[in-house]
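Participant: Take a look at the letters that make up each chain.
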Amino acid sequence: MIPELGQFALILAVLLATAQWVLGLVGASKSHQRMMAMTQTAAIGQLVFVAISFAMLTQAFVTNDFSVAYVAAHSNSQLPLQYRYSAVWGGHEGSLLLWALVLAIWTAAVVAFSRSLPDRFRARVLGVMGFISLGFLIFILWLSNPFVRHLPAVPDGSDLNPLLQDFGLIIHPPMLYMGYVGFSVAFAFAIAALLDGRVDQNWVRWSRPWTNIAWAFLTVGVALGSWWAYYELGWGGWWFWDPVENASFMPWLVGAALIHSQAVTEKRGSFRNWTLLLAIAAFSLSLLGTFLVRSGVVVSVHAFATDPGRGSYILAFLAVVTGLALALFAWRAPKIEQGPTAQLLSREGLLLMNNVFLVGACVLVFVGTLFPLLVEIPLLQSLVGARKMSIGAPWFTFMFPFFLIPLMILLPFGPLSRWGKEELSTVWLQLRAVLALAVFIAAIAWILRAGMSAWAAGAVLLSSWVALGTVVWFLRRRRMQLRMGGEQYGMMFGHLGLAVFLIGAVLVEALRVQTDVRMQPGDTKTIAEYTFRFVKLDHYEGPNFVSDRAHFEITREGEPLTVLKPEKRRYLVSGQVMTEPGIRPGFTRDLFVSLGEPVDIETQAWAVRLQYKPFIRWVWLGAFMMAIGGVCTTLDRRFRRRVEADEPQQVAPVRPLSEAGALA
Amino acid sequence: MKRWLPLLAFALLAVVLGIGLTLDPQRLPNMLQDKPLPEFSAASLDGARIVTSAELRGKPMVLNVFASWCPTCVHENPVLLEFAKASDALVVGLAYKDQPEDTRAWLDRFGNPFDLVIQDPDGKIGIDLGITGAPESYFVDRTGVVRDKHVGELTWDSLSDYARKIQ
Amino acid sequence: MRAKFSRPSWLGTPWALACGVLLLLLAQPLWAGIEAFPFADRAQEVRYQKLTSELRCVKCQNNSLADSEGMIAADIRREVFDMVQAGKTDAQIVDFFVVRYGDFVRYMPRFEPLTYVLWLGPLLLLPLGIWWLARSLHARAKQAAIQAEEA
Chain A
1 MIPELGQFAL ILAVLLATAQ WVLGLVGASK SHQRMMAMTQ TAAIGQLVFV AISFAMLTQA
61 FVTNDFSVAY VAAHSNSQLP LQYRYSAVWG GHEGSLLLWA LVLAIWTAAV VAFSRSLPDR
121 FRARVLGVMG FISLGFLIFI LWLSNPFVRH LPAVPDGSDL NPLLQDFGLI IHPPMLYMGY
181 VGFSVAFAFA IAALLDGRVD QNWVRWSRPW TNIAWAFLTV GVALGSWWAY YELGWGGWWF
241 WDPVENASFM PWLVGAALIH SQAVTEKRGS FRNWTLLLAI AAFSLSLLGT FLVRSGVVVS
301 VHAFATDPGR GSYILAFLAV VTGLALALFA WRAPKIEQGP TAQLLSREGL LLMNNVFLVG
361 ACVLVFVGTL FPLLVEIPLL QSLVGARKMS IGAPWFTFMF PFFLIPLMIL LPFGPLSRWG
421 KEELSTVWLQ LRAVLALAVF IAAIAWILRA GMSAWAAGAV LLSSWVALGT VVWFLRRRRM
481 QLRMGGEQYG MMFGHLGLAV FLIGAVLVEA LRVQTDVRMQ PGDTKTIAEY TFRFVKLDHY
541 EGPNFVSDRA HFEITREGEP LTVLKPEKRR YLVSGQVMTE PGIRPGFTRD LFVSLGEPVD
601 IETQAWAVRL QYKPFIRWVW LGAFMMAIGG VCTTLDRRFR RRVEADEPQQ VAPVRPLSEA
661 GALA
Chain B
665 MKRWLPLLAF ALLAVVLGIG LTLDPQRLPN MLQDKPLPEF SAASLDGARI VTSAELRGKP
725 MVLNVFASWC PTCVHENPVL LEFAKASDAL VVGLAYKDQP EDTRAWLDRF GNPFDLVIQD
785 PDGKIGIDLG ITGAPESYFV DRTGVVRDKH VGELTWDSLS DYARKIQ
Chain C
832 MRAKFSRPSW LGTPWALACG VLLLLLAQPL WAGIEAFPFA DRAQEVRYQK LTSELRCVKC
892 QNNSLADSEG MIAADIRREV FDMVQAGKTD AQIVDFFVVR YGDFVRYMPR FEPLTYVLWL
952 GPLLLLPLGI WWLARSLHAR AKQAAIQAEE A
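Protein chains in written order, with the working numbering: chain A, 1 to 664; chain B, 665 to 831; chain C, 832 to 982.
A hint or two may mislead.
[Unchecked claim] Chain A regions said to be covered by chain B (calculated; three or more residues, Cβ under 8 angstroms):
1) 287-299
2) 308-320
3) 323-332
4) 376-389
Keep in mind that the hints were calculated from the coordinates and are not lab data.
The model shown is predicted, which means the values in this text are computed figures rather than measured ones.
Even glycine gets a Cβ: it sits at the ideal position worked out from N, Cα and C.
Put together the whole structure using the sequences plus the hints.
Facilitator: Right, dumping it as structure tokens:
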């Protein structure tokens with residue numbers, strides 16, 4: 001009964017999404033007040049029914065209704081309750097329903113927070129989002145129905161993949177989807193602007209908070225995924241350049257470019273087409289990511305149960321959505337450039353150079369992810385022979401710095417430069433002290449840490465440069481008593497977060513120590529000043545697993561520090577064996593112990609991996625700070641001012657040269 | 665004109681992805697295709713003698729990598745038994761990462777289609793052949809050149825097709 | 832690697848349970864990616880770690896050799912260790928597996944005509960992008976100057 005209700009709710013949601021789409025676009029083109037009003041009602045109605053459908057699926061999980069095939073495949077009567085809730089999105093069908101729910105939530109948010117938008121524009125935005133919802137809801141009902149029954153019901157389910165029985169799974173996908181799907185709002189705004197035929201600064205100003213908050217969510221989602229992989233997979237890795245990870249990183253990179261491009265277009269009215277294109281690209285990359293993850297086109301540890309049939313639908317949907325958007329762009333994008341002129345060394349020049357590096361990095365990730373597929377196309381195979389190649393972490397790690405390093409070198413120049421035109425000598429005057437200080441800090445780090453590699457020292461130098469450059473900007477702004485609104489705090493946190501992130505990312509790889517040793521109770525091993533002593537091995541039974549657990553005492557220079565308890569668990573239903581590492585977190589370093597395999601049962605000897613991971617927490621701290629930056633910008637009061645569509649465009653003034661280093 | 669470029673680029677991408685849907689990203693190419701079978705020497709199953717790859721030339725050969733711990737090999741065995749009876753090709757079994765007594769017991773239980781069984785207890789021959797698990801089969805012509813390879817379970821039809829290639 | 836196990840002499844319940852659990856765990860091939868190889872020195876260990884992170888597991892869903900479980904991965908790791916001990920160079924070790932499994936097994940693609948666009952394409956975007964930006968800004972300035980003149 002409950003699953004059928006869920007399915008019925010979905011059907012109603014399809015009808016309402018159709019209404020939302022048609023009423024929105026037709027109502028706007030005809031300026032039909034009634035239709036436009038009903039669009040909003042349809043949008044809320046869609047949320048209600050998608051939510052009901054989601055609730056019904058949740059209910060099926062919580063009550064262990066194994067007659068539903070999806071529940072039977074991803075749950076078990078012994079599964080702890082909290083994981084029965086999160087198992088709802090543990091598989092393909094349920095996660096798509098989550099996608100649809102998150103999209104419905106964003107749509108309702110647009111209805112709720114768009115009082116200041118003109119009616120026609122809002123109706124178009126909702127219309128576009130309705131079309132996207134419709135595509136996903138039809139996909140769910142037709143090809144990925146989570147409510148399909150399998151009778152007679154199996155007595156018990158196959159259990160949720162043990163890797164997913166974890167807190168990380170509870171929050172990582174929802175956060176990720178909030179970001180991914182959130183870019184649909186910026187996308188819809190772009191389409192609405194193109195349909196309107198009026199691509200002006202108002203459109204961008206309305207878009208900015210929505211884009212920033214979506215980007216902030218995506219930052220958190222990606223960071224959570226990284227953190228989860230670190231403590232759950234047992235290897236201690238935090239980023240693998242796996243295709244599915246790349247699929248979420250690409251929209252993030254383009255999203256970062258977009259939030260900067262929007263700043264230029266909003267303040268100066270220029271580069272409208274570029275901003276439009278980026279807004280279309282960000283969401284298209286989200287859809288591409290959805291395709292890559294579910295189609296089986298690339299091999300990935302993250303991929304859902306892959307199915308070329310489903311992949312075809314997603315590809316077709318992607319082709320329609322992005323194809324129509326780009327066709328609309330080609331047809332209706334403004335043909336005349338607007339906005340005052342600028343030279344390369346100016347704030348807009350630097351902001352757009354940042355776009356070159358970010359979009360370039362996205363192209364890098366894109367090419368690296370899809371090149372192996374390209375090589376296998378039969379046409380190319382006939383030219384080069386049957387080849388199969390892999391592109392993995394070593395290549396990405398080699399190439400990425402080419403984009404990140406120039407970006408960070410130029411970063412401090414941007415906020416200190418004026419719009420339109422800046423003198424290098426003026427900015428350099430303010431930054432040369434920063435450079436000196438950064439070099440000094442890097443030198444200190446080098447001395448303090450004997451054996452620090454050149455890369456690590458370089459990262460300290462670059463991060464200090466960015467961080468101190470941001471501080472200098474902040475101090476000057478305070479001194480000149482200029483506005484410190486949400487946008488300014490956003491930039492500050494965003495840039496500081498990047499600096500913190502770089503320290504973590506480079507130092508943990510350059511300075512980490514890892515060793516695999518055979519240890520039995522009584523043995524000790526020392527790495528990087530920490531002594532690990534294997535105290536004992538015991539066993540215990542969990543709710544749905546049995547576990548071998550080792551106790552390690554860790555001391556540093558004789559002082560006891562902590563006891564870590566890594567485990568090897570065997571889940572009873574699936575038979576899968578999982579490694580649960582023991583982790584001692586710290587601000588400047590993590591200590592990480594994981595069990596390999598038992599080597600000798602009599603002596604209780606095991607192969608054990610010990611790791612010393614300096615500054616790894618800074619990776620996620622930096623990401624978190626960047627997300628905070630996104631939130632700050634979103635909350636800037638300036639964006640909430642009610643704007644009439646005909647308000648004259650405001651262009652940020654260009655301060656005269658006499659005010660050296662003035663900041664608008 | 666320039667503004668149509670993004671659409672064109674995207675169309676190209678969509679085509680590539682569409683073709684990608686028809687491919688199988690998991691399948692590894694056969695590195696030994698049309699190359700001589702790598703040199704090896706392995707103990708026979710009874711441990712009585714060492715067999716070298718040179719000895720196995722002169723007749724078309726089917727080299728089947730199997731193991732007692734491999735469930736799919738059980739399904740494949742009847743097909744091999746039929747084939748061994750019907751064909752005069754040399755059917756050689758490579759007992760992969762197995763103990764001889766387990767292999768013997770498995771063959772006694774399910775039937776022995778092999779003219780000769782050789783052992784690869786530490787898997788080194790397997791790595792030289794480029795295998796990733798069991799069952800995998802190589803089809804070698806009389807001059808010792810590998811003409812084809814099959815990963816996974818053999819069916820009667822596929823086996824007949826392969827056998828024709830090595831005659 | 833097979834672990835030897837002997838039957839326990841005591842049959843009291845808690846011990847039997849504990850050993851039963853261990854036996855259960857051992858009955859599954861636990862080919863986890865953590866083996867305790869006896870390296871000659873730290874440099875050798877670091878070399879081994881680098882090689883196993885640059886080689887791909889031939890049977891997994893996109894894992895490096897270092898991060899993979901499964902029998903073939905464990906066997907290949909063993910081979911890598913043996914070759915490192917025997918003094919082979921990195922290139923020789925990688926080539927050994929490329930001959931047997933193809934370029935699939937390398938996570939770092941070769942630099943060859945087929946991959947020029949892969950290696951150089953994204954990098955070329957940097958100067959190209961900046962050039963395009965500069966050109967676009969310049970064109971805008973020119974247009975504005977013309978309009979100013981006409982005004």
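Participant: A separate judgement is required for each hint: does it hold in the structure or not?
Facilitator: Now for the hints, and whether the structure bears them out:
1. 287-299: Holds: 6 residues of the stretch 287-299 of chain A have a Cβ under 8 angstroms from chain B.
2. 308-320: holds (count 6)
3. 323-332: holds (count 5)
4. 376-389: Result for this restraint: holds, n = 6.
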